[in-house]
Amino acid sequence: MKISKWMMALGVVAVAAAASAQTRVVCLGGAITETVWALGRGDAVVAVDDSSVYPPGHAALPRVGYYRMVSAEGLLSVNPELVLAHEQSGPPEVMEQLMAAGVRVVRIPSSATVTGLLARVRAVGEALGRSEAGAALAASLEADLAAITAAAPSSTPRVVFVFARGAGTLQVSGFGTAADEIIRLAGGVNAIEGFSGYRPLTAEALVAANPDVILATTSGLGSIGGPDALWSIPGVAATQAGEHRRVVAMDDLYLLGFGPRLPAAIAELREALTP
Amino acid sequence: MKSAALALTTPAPAIIHRRHRLRPRGWWLVPVLSVALLAVLVAALSIGAMPIAPAAVVTALVNAVGIETAWAVSEREALVIAHIRAPRAIMGALAGAALAIGGVLMQALFRNPLADPALVGVSSGAAVAAATVTVIGSTFFADLGWSSPFVLPAAAFVGGWLTVLLTLRLARTAGHTRIEQVLLAGIAINALAGAAIGLLMLIADDAQLREVAFWSFGSLGRADWTSIAWLAVALLPALALYRLVAPWLNALLLGEGEAALLGVPVERIKRGAIIVTCLAVGATVAFTGLIGFVGLVAPHIVRLLAGPDHRVLLPAAGLLGAVLLPLADLFARTVAAPVELPIGLVTALLGAPFFLFLLLRERREVPR
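From first to last, the protein sequence lines stand for chains W and U. Residues in the first sequence are numbered consecutively from 4, following my numbering. Residues in the second sequence are numbered consecutively from 12, following my numbering.
For the record, the hints were derived by calculation from the structure and aren't laboratory data. From the three backbone atoms N, C-alpha and C, an ideal C-beta is built for every residue, glycine too. Check each hint, because a few of them may be wrong.
[Said to hold, decoys possible] Label-pair ranges, simulated between beta-carbon atoms:
| # | chain 1 | residue 1 | chain 2 | residue 2 | range |
| --- | --- | --- | --- | --- | --- |
| 1 | U | A54 | W | A103 | 37 to 43 Å |
| 2 | W | T26 | U | A54 | 43 to 49 Å |
| 3 | U | A54 | W | E129 | 52 to 58 Å |
| 4 | W | D254 | U | W82 | 50 to 56 Å |
| 5 | U | A54 | W | R248 | 45 to 51 Å |
| 6 | U | L213 | W | P59 | 34 to 40 Å |
| 7 | U | R180 | W | E246 | 54 to 60 Å |
| 8 | W | E99 | U | P62 | 49 to 55 Å |
| 9 | W | D53 | U | P248 | 57 to 63 Å |
| 10 | W | D254 | U | R183 | 47 to 53 Å |
| 11 | W | W234 | U | R189 | 35 to 41 Å |
| 12 | U | P42 | W | E99 | 55 to 61 Å |
| 13 | U | F365 | W | T26 | 41 to 47 Å |
[Said to hold, decoys possible] Stretch-level coverage of chain W by chain U, calculated; a stretch enters the list once three of its residues show a Cβ under 8 Å from a Cβ in chain U:
| # | region |
| --- | --- |
| 14 | 56 to 70 |
| 15 | 74 to 81 |
| 16 | 215 to 226 |
| 17 | 246 to 252 |
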C-alpha cells in the first residue's frame, strides 16, 4: 500500500519533470483528455477532471472535480498554463478567474456528433500548437468512419439505450443524445421516439417501443445487478430484446464520449447489434 | 415605548433588578465573537489549495488597497488572495450572518426554536426560480441577450420574494397577519414549490439535473466583489433595525395578544421582520444556493450560552453565523483539494452532529 503510493508519487514527479519543458495542461472533459493523449501530448497534462478515465496512463494525476463545478483555487494549485475546457465547463465566474490569473482557457467544441469529434480534435491540436497533427488525426478519423459506415448494415435493429444508476432509476434516451447518435451510426434505429434527452423508463412505454436490443453502459448494467436483474424489470421481459435476451453493454466514455476511439466503438457496436 | 418594552424582558418581580442592568446577560459574547470573526477571516485568507506564504498574503492585501510595498508577490498569488479567497471569506461571513439573523427573527415570530426562514417559502421560491432558469430559462434569456452570470441570482431573488409575498397575502385576513396562517400557507407553498422543482427535473437533461443538484447543495465558489456589494445592501436593513426590534421581539415571546396589550405594534413587527428576513436570506440564497443548518445552529448555540434576550441574541447569532460559514467553507475547499465539497453538505455534515451534542449536553446539565 505504502509502496504503491510512493510509486504513484514518483510517477507524478516523473510526469511533472517530463512536462516541465512544455506547457502545463489541464483537461476538463473525458473526450478532450483522450484527444490530448491521441495527439501524443499526454506528458504535458498535469491534472484532469473526474470524467477523464481513459487512457489509464493518467491515473496518478490530480483530479480537479466535475468539469461543470471546478474550484478556481483548486485548479490554480496545480499551476496550469493551458486549460482545455469542455464547452459547458464552469461555473462561468471560475473560468473568468482562471483567465484573470493568466491561464489560457480554450473552449473545445463538445457536441456528441461526428462533426463535433472532428472539430474537437482540430481544436485540441491547435490549442496544443500541433495543428498539423490535429488535422491529420481528424482526417484519419474521418476516413475510418467513412469506411465503417460505407457498408450498409445487414440489419437495422431497434435499440433502446438504458441509462441506469441503480435499479430505482432507469432512464431511456430520446433523440439528440449521444446514445441516439451512436445507435444511428452503428446502423441501428433508436426505438424511443417523440422526445429529446433522457426520460424515466415506464414499463408500458418500453413494451410499446419493443426494442430488439437493449444497449447499456457497463457501469450502468452493473449498478442494477447485471443482465439477469435487467430481465426481471417489469416490461423488459415482454420486449423482443427480453425474449431473446439481447443486451449490449459497453464502457461509458468509449460508447458515449465521442473521443478518438469513436470508429472502434461504432465498429464494435455494429458487430454486437448484428444478430 | 422603547423603555416600556425593555421592562418586559424580565417581567418577574423576583429578578426585577435585572431591568436596571446596563448590559444584558451574555453581552460578552459580542466582543468575543467579533474577535473570533477576525481570526476566522485571517485563516480563510491564509489557507487554501494553493500554498501561499503568510508574507505573500499580507503583501497581496496591502497591494490590493493600493499601497506599494517592497515585498514581492506573484501576480497569480495576488489574484488568488484578492479575487478568490477574500470574496469567498467575506461572502461567507455576510451569508452566515444573514442566515443566522433570519433564523433568530423567524424563531421569535413563530415562537418556536426550530423555525427557519424557509418556512415562509423564501428558499423554495428561490429554488424554483433557479431551477427554471437552469432548465428552460437559459436559452430563453440567451435569446434576449442576457447571458450575464447575474440572471440566475436575480431570478432566484425575485422568485424567493414573490413566494414570500404570496404566503403573506394568503395569511392575511381583515388586515391581520395570523402567524399560524403564515405557517400553513408556507407549508402548502413549499409543497407546491417542491412539485414544481420535480417537474423541472423531469424535463431537465443530465447536465441541467447536475446543475440544479449542485445549486441546491450551496457554494461560495461564485463569490465576487459585485455579488458581495449586493448582499451587503440586502443585509443592511436587518443590521440597522436590530437594536430597535430586539426589545419588541422579547415582548413578543410572551404571546401576540399580551405584546399588543403592552403597546407593541405586533402587526408591523411581524410583517416587518418577515420582509427584513426575506431580503437578507433571499439575497443569500440567490448568490450561494441552499446552505442549511446555520440559521438553526447559530441562534441555538447563542441561546445556550446567553439566554433568549434578543438584544444579545440578534447580534451574537449574526456574528456566530459569520464565523461558522467561512469556517465551513475553509473546510469545504481544503479537505479534498483540488476538488471542492459543496458547502451545504459540510454545514449539515458538521453542523448536525455538533447540534445533537449540544442538545444532549444541555439535557444532562438541566435534568427535568
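Practice problem: Evaluate the given range 43 to 49 Å for the C-beta pair formed by T26(W) and A54(U). | Solution: violated, 34 Å
Quiz item: Could one say that the CB atoms of P42(U) and E99(W) fall in the range 55 to 61 Å?
Solution: Violated, at about 39 Å.
Quiz item: When you take the CB atoms of L213(U) and P59(W), is the distance between them in 34 to 40 Å?
Solution: holds, 37 Å
Quiz item: Between D254(W) and W82(U), does the beta-carbon spacing fit 50 to 56 Å?
Solution: holds, 52 Å
Self-check item: Pairwise beta carbon distance, R180(U) to E246(W), judged against the given window 54 to 60 Å
Solution: holds, 58 Å
Practice problem: Could you check the hint for me, namely that A54(U) and A103(W) are 37 to 43 Å apart, CB to CB? | Solution: At roughly 24 Å between Cβ atoms, A103(W) and A54(U) fall outside 37 to 43 Å, so the hint is violated.
Quiz item: Are there three or more residues in the region 246 to 252 of chain W whose C-beta lies within less than 8 Å of some C-beta in chain U?
Solution: Check failed, 0 qualifying residues.
Exercise. For the range 41 to 47 Å, tell me whether the beta carbons of F365(U) and T26(W) fit it or not.
Key: The hinted range 41 to 47 Å holds for F365(U) and T26(W), with Cβ atoms some 45 Å apart.
Quiz item: Could one say that the CB atoms of E99(W) and P62(U) fall in the range 49 to 55 Å?
Solution: Distance hint for E99(W), P62(U) is violated at roughly 23 Å.
Quiz item: So the hint says 47 to 53 Å: do the beta-carbon atoms of D254(W) and R183(U) match that?
Solution: At 59 Å between Cβs, range violated.
Quiz item: Does the hinted range 35 to 41 Å hold for W234(W) and R189(U) at CB?
Solution: The hinted range 35 to 41 Å is violated for W234(W) and R189(U), with Cβ atoms some 57 Å apart.
Quiz item: Between A54(U) and E129(W), does the C-beta distance stay in 52 to 58 Å?
Solution: violated, 43 Å
When held up to the earlier numbered hints, the structure conflicts with 1, 2, 3, 5, 8, 9, 10, 11, 12, 16, 17 and fits the remainder.
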